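Start from chain U and add chain D according to the hints.
Protein sequences, first through last, are from chains U and D.
Note that the working numbering numbers the first sequence so that position 193 is 193, with each residue one more than the last.
Note that the working numbering numbers the second sequence so that position 38 is 38, with each residue one more than the last.
Please keep in mind that the hints were generated in silico from the structure rather than gathered at the bench.
Please note: incorrect hints may appear among the correct ones.
Taking beta-carbon pairs under 7 angstroms as the criterion, some of the chain U residues facing chain D (in silico) [what the hints assert, rightly or not]: (1) 175; (2) 177; (3) 179; (4) 180; (5) 181; (6) 270.
Distance windows between CB atoms, simulated [stated by the list, open to error]: (7) 133/D / 92/U: 42 to 50 angstroms; (8) 179/D / 35/U: 46 to 54 angstroms; (9) 255/D / 108/U: 53 to 61 angstroms; (10) 107/U / 239/D: 19 to 27 angstroms.
Just so it is clear, the structure is predicted and the values come from calculations on it, not from any experiment.
Cβ atoms here follow ideal geometry from the backbone N, Cα and C, with glycine treated the same way.
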Amino acid sequence: MTSLDSGASLEEKPVENKVEQPVYVRHRSMIGAGMVVLFFILWEAAVHFFEVSRFVLTPPSKVFEALVDLAQKDYFWEHFRYTVSEILTGFALAIVLGVVLGVLLGRSRLAEAMFSPFIVASQVTPKVGLMPLFLLWFGFGIQSKIAMVTLLSFFPILKATMLGVSSIEQIKRDLFQVYRASTWQRVRHLEIPAVLPYIMTGIETASVLAVTGAIVGEYLGGSRGLGAFIVTTLSQLQVDRMFATILVLAVFGFLFYSSIAAIRRRVVSWHESVRLSN
Amino acid sequence: MSNVETSSAPGSVPKLAVKSLSHCYGRGESAVWALRDINVEVADGEFVVLLGQSGCGKSTLLNILGGLLHPTQGSVEVSGVPLFAAGKDNAPKLSYVFQEANLLPWRRVLENVTLPLELRGVPKAEREAEARELLEIVGLSDFALKMPYELSGGMRQRVSIARALVGQPDIVLMDEPFGALDAMTREHMNDFLQELWTKHRFSVVFVTHSIAEAVFLADRVVVLSSRPGAVRSINEVDIPRPRRSELMASEEYSNMSDIFRQELK
Chain U
1 MTSLDSGASL
11 EEKPVENKVE
21 QPVYVRHRSM
31 IGAGMVVLFF
41 ILWEAAVHFF
51 EVSRFVLTPP
61 SKVFEALVDL
71 AQKDYFWEHF
81 RYTVSEILTG
91 FALAIVLGVV
101 LGVLLGRSRL
111 AEAMFSPFIV
121 ASQVTPKVGL
131 MPLFLLWFGF
141 GIQSKIAMVT
151 LLSFFPILKA
161 TMLGVSSIEQ
171 IKRDLFQVYR
181 ASTWQRVRHL
191 EIPAVLPYIM
201 TGIETASVLA
211 VTGAIVGEYL
221 GGSRGLGAFI
231 VTTLSQLQVD
241 RMFATILVLA
251 VFGFLFYSSI
261 AAIRRRVVSW
271 HESVRLSN
Chain D
1 MSNVETSSAP
11 GSVPKLAVKS
21 LSHCYGRGES
31 AVWALRDINV
41 EVADGEFVVL
51 LGQSGCGKST
61 LLNILGGLLH
71 PTQGSVEVSG
81 VPLFAAGKDN
91 APKLSYVFQE
101 ANLLPWRRVL
111 ENVTLPLELR
121 GVPKAEREAE
131 ARELLEIVGL
141 SDFALKMPYE
151 LSGGMRQRVS
161 IARALVGQPD
171 IVLMDEPFGA
181 LDAMTREHMN
191 DFLQELWTKH
201 RFSVVFVTHS
211 IAEAVFLADR
221 VVVLSSRPGA
231 VRSINEVDIP
241 RPRRSELMAS
251 EEYSNMSDIF
261 RQELK
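One chain only, chain U, in its complex shape:
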């Protein structure tokens, strides 16, 4: 077989999108880091300038001192590990439940019609309000917190998966039918890759809620975990330790979210949601 001569004559330009990017785009992360440093400087200055009581707002210098101090305490890391294991376990459960139920509901119009009132109801219900019930059902141990993490992070994953499954184009399904693909081939080569960007977006959104779920759960019951530790520091008026703990949570939340976002960008790099944001 030979190539066509007309191949060259009808050559069109492939899509190029390498445009010279402005300074603020190229140095985005550096600008961001600079702003964070500036924020801490202003905070420090404000506390000294307005002479704010250290029980109301601790200056960052004191917060960092408290942080260094806490970092050497075993019990602090004990709380940290407790919270992290709640988050990871609850989040993993939420992914499994959300994806499985999302696929089932997304595939069947009937199931969607049957369950959509419940899904809508659970969306508008403040789910944190259920925490006392979870304490009643699962006790003050880790189970009630895992339940809270799962409950909060489950819905974005469910919704995103349902949307993904129902938005596979008919023309793509036709393609697989013309080639007489088996059910398994269709699932593997069409449905999973097509739904993955949606699932990953749901997971990314849910990762923030997972951290919230764990902390709220610990606020309301039990004595372990960073949420419970924050309550303790506040009752002892150790505002510097409270801020230090919140800082640790913020850093963890940031790392958790950004590693999931990085996984998403890698796994579905072909998808518009990733390409257009780069």
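Frame of chain U; chain D shown alone:
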């Protein structure tokens, strides 16, 4: 030009045989006949165009030929094998070029072309070798490892044609494949398709509502009437190949176009 029912030589099995095929959407009082008693044959290596206005049921017919829709009545045979009764093993090898390129956006160009072979269980090395050969033929070998979004519309449609030709299909079905492209690209693609077909002689059923496209590409044009879609005439186009775009200015071209225009009324 002559009206003929079939062009296949007596005794030989046609690549595609559509026999008294009718299709009806809905049931009872609301039933609408989209297709009525269609009889068409496509010989090996023949380029047949189904020409008709929008809504005449030509896409329905192509969907039935592609096995996407079961006809209400009648049968379809590919190389003598009934399309809807065949098992996975003796299933006819069909391929389909859609109005849009319909590539899988998560696969590289090469992996898009290998898809039909992959679904048939052809080993990786073998299917990649064949796909690379096809990409060479459609003039895109440099783009094998690109993602579909890095290609222009015309290039994507060429990838989709390469995918349709991989694995030597019995019949290639094309549903207004260049309808979504701009006029210039469309003209290029028609040139390209004719040249490709002239060299490799695969059997094609090509659906269009463009008279110009039909005359330019077809060995035979099947004109479909509307509501219900029925075969109005089957016409041999005996303009010698290669046909050039200058053809559109010639007398035989305008005569033939006039006839089709009359029949489509």
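Results of checking the hints against the structure:
1. Against a cut-off of 7 angstroms between C-beta atoms, the interface hint on residue 175/U holds, since the closest Cβ of chain D lies about 6 angstroms away.
2. The restraint placing residue 177/U at the interface with chain D holds, with a minimum CB-CB distance near 6 angstroms, inside the 7 angstroms limit.
3. The restraint placing residue 179/U at the interface with chain D holds, with a minimum CB-CB distance near 5 angstroms, inside the 7 angstroms limit.
4. Hint on residue 180/U holds. Least Cβ distance to chain D is approximately 5 angstroms, under the 7 angstroms limit.
5. Hint on residue 181/U holds. Least Cβ distance to chain D is approximately 5 angstroms, under the 7 angstroms limit.
6. At a threshold of 7 angstroms, the smallest CB-CB gap from residue 270/U to chain D is about 5 angstroms, leaving the interface hint in force.
7. In this structure the hint that residue 133/D and residue 92/U lie 42 to 50 angstroms apart at CB holds, the actual value being about 46 angstroms.
8. Our hint of 46 to 54 angstroms for residue 179/D and residue 35/U holds, since their Cβ atoms are close to 51 angstroms apart.
9. Under the hint 53 to 61 angstroms, the C-beta atoms of residue 255/D and residue 108/U, about 56 angstroms apart, fit the expected range.
10. Taken as a hint, the range 19 to 27 angstroms is violated for the pair residue 107/U and residue 239/D, whose Cβ atoms sit roughly 51 angstroms apart.
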